[in-house]
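Keeping their order, the protein sequence lines are chains C and Y.
Under our numbering, the first sequence is numbered contiguously, ending at residue 349.
Under our numbering, the second sequence is numbered contiguously, ending at residue 425.
These are computed hints drawn from the structure, not numbers from a lab.
Quantities reported herein were computed from a predicted structural model and do not represent experimental measurements.
Treat the hints with caution; some may be incorrect.
To give an idea of the interface, some chain C residues facing chain Y are shown, with a C-beta separation under 7 Å as derived from the structure [what the hints assert, rightly or not]: (1) Thr38; (2) Lys51; (3) Ile55; (4) Asn228; (5) Gln251.
We put the beta carbon where it would ideally sit given N, CA and C, even for glycine.
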Amino acid sequence: MKKTILAASIFAFTIIGNADARDQIKIVGSSTVYPFATVVAERFGKTSGFKTPVIESTGSGGGLKLFCKGLGTEHPDITNASRRIKMKEVKKCAKNGVTDITEIKVGFDGIAMANAKSGPMLELSLKDIYLALAKVVPADPEGNTVKPNPYKMWNEVNPALPAAPIVVIGPPPTSGTRDAFNELAIERGCKKFAGRKALKKKDKKLYKKECRGVREDGPYVEAGENDNLIIEKLVADPGALGVFGYSFLDQNRDKVKAAKVDGVFPEFEAISSGKYPVSRSLFFYVKNAHASVIPGVKEYVREFTSNKAIGTEGYLISKGLIPLSESERAKFEKDGKTLAKFDGKVLKK
Amino acid sequence: MTNITEKIKLSLSKRQRSEKRFKFLGFIGISFAILFLIIILYSIFSQGQSAFKSTYIELNIFFDEKIIDVEGKRDIEDIKFANFRKIITNSLDNYFPEVEKREEKRKLHEFISSSEEKNLMNLVLSDQELIGKSKQLWLLASSTIDVIHKNPEMEEIVESDRLVDDLELSWFKTFKENGNLKFGFNKNFFSKADSTEPEQAGVLGSMLGSFFTLLITLILSFPIAVAAGVFLEELAPKNRFTDFIEVNINNLAAVPSIIFGLLGLAIFLNVMHLPRSAPIVGGMVLALMTLPTIIIATRASLKAVPPSIREAAIGLGATKFQTVNHHVLPLSMPGILTGTIIGMSQALGESAPLLMIGMVAFIVDIPGSFTDSATVLPVQIYLWKSTAARGFLELTAAGVMVLLTFLILMNGLAVFVRQKFEKKW
């Protein structure tokens, strides 16, 4: 009996002793940045002598929520995001004492719409995407009034498209890819209607709700934060269209083919030049107060922003990341070195 | 009277027919179950078996003194910092002297896995005589080459659909024709943890994570659950209160596992400030989940011990506690152990509650203690499944095979314990 008590107390002490110190970077956030961050982390662990950072894929929103919970070793040091931090999140961070953060932009990612190789070749416009997937669509040609989305077939949206049912498989609302898709594809299609555009000035809240809302009556299928699953579903159902990042398209070219959006294929050059309309920036945010406490944070940031990682010939580029311009990368490399404080004022809205 | 026997006789064939129908339907049900099992196992095994071998390329490696040991002092620190990548790329360039363009060279250099740099370093460290000499060595190929090697049909499809372009394919074919390409055992699979490169990824990290997690689960849940079961079944008075507890325990056994994850997040992480992603927390969460299973098993096997044994012990003057401790509990141990093992194998396959406490993560370092960041087998399978690179497809299936092996072993142990030690009254 004495032995058991002794063992139990030693056991408890080792736990308590280990709980307050941490020598390993913890990273959370976007599933789109995850494949890039893991490569950087692995290389960093192999070459730097620090422990390899632990990375969780929680989605951009989930990551920022954990990140903003407070300072201290039980909270993550870095969060990845496939969209920019929101004013709301900056405020929440500040409320919990996380006032000093650094923003690093690492590159771009295009959001592709693709279907199985055996499916039809599609040419979509942003307007088509909006009409096919929005919760409410214009009831008159000007877009002054709205009705629930009645369209079930692609050719009802645009006569040039095939007479096939609308089935789009994409990420859930917690995903940064979904946020970006709503904003870059659906909302921009919505703006093509004069009446909708006018609504933005009158009632911004209603505009956002109506122009970014995705239909929930079946044609849009949420597939979870797992892009491989979407690709498998596309292969099984040649009539369906999938929404996912460029890096997944690149890895699965033998299974799926991309649709043209506004006449442009999601190709490397088109995304980096901004010609392809549905592309967004990828970020990560560093908690500056942790950088001096947790060993390796500064060095990890330096590795991620270095020319050999995200420069035009960096190792992340061969993994499907679309690079920043050299001047922009140099700016963020400097920001990372000095841990330049992020000013929430640059976020309009 | 004859009337009734007549009636029974008439209905006989009808009753026999219905029995046959029932038998037939039961047979169909079982056949379907077996069929699906075979399909699942077949698809896993046919996909996964190729993960146990990986492609090796034979190269003539020249251990150039100018690269490894510039100053010629044979200083171990100098050798450790030498550019072993350069040694590999040099020998690739020697193999294909006609490749001259920078971009093409870069593609050629990606044929060999980056993990070989460290292996060459260790080779030189163990035998410094090698410096300045050449040696024929089999080096691990990168995952893309491995995928092409394992799927010969990929050589036939058009360039744009293939993982490699025509030039890379021609180099691959040259290696093959010269006999410098072979399959070897995939050592990394059993000696490494997660990686972004499929050829360097393995299950050891997650296996150890599972081990540490389950150890905590067992240490916590087994004594508590057995004590609770014994108390409720043998010692506690039967009243409203114990009835209420009993109902609750039965309910807890049916609660979805993710709820226990939420509980773990709220109490172990947010209140007790235990580290995120650590097996200790994972084990505690899974212990909560396993408790009701073991309590129920304990009570059931205590009930199965005949009352005559208790009465005999009490008749000889034993206290209630002595009766339980000396007689009832040892006799019911086989049943309790079976329940515990089943509970443990359930916990081994669990991933949902671990999501909440950060054990679903990319972890390269192999865990060495209860507080190191770790992940578990089912989570590792999930993570590989959701990765883009092609080589992870077979790793996913192979991971499932490893998990299945452990589950079968544990359940086999449960059957063995029951068969071997169970008493028939």
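* Okay, which hints does this one fail, numbers in order? -> none
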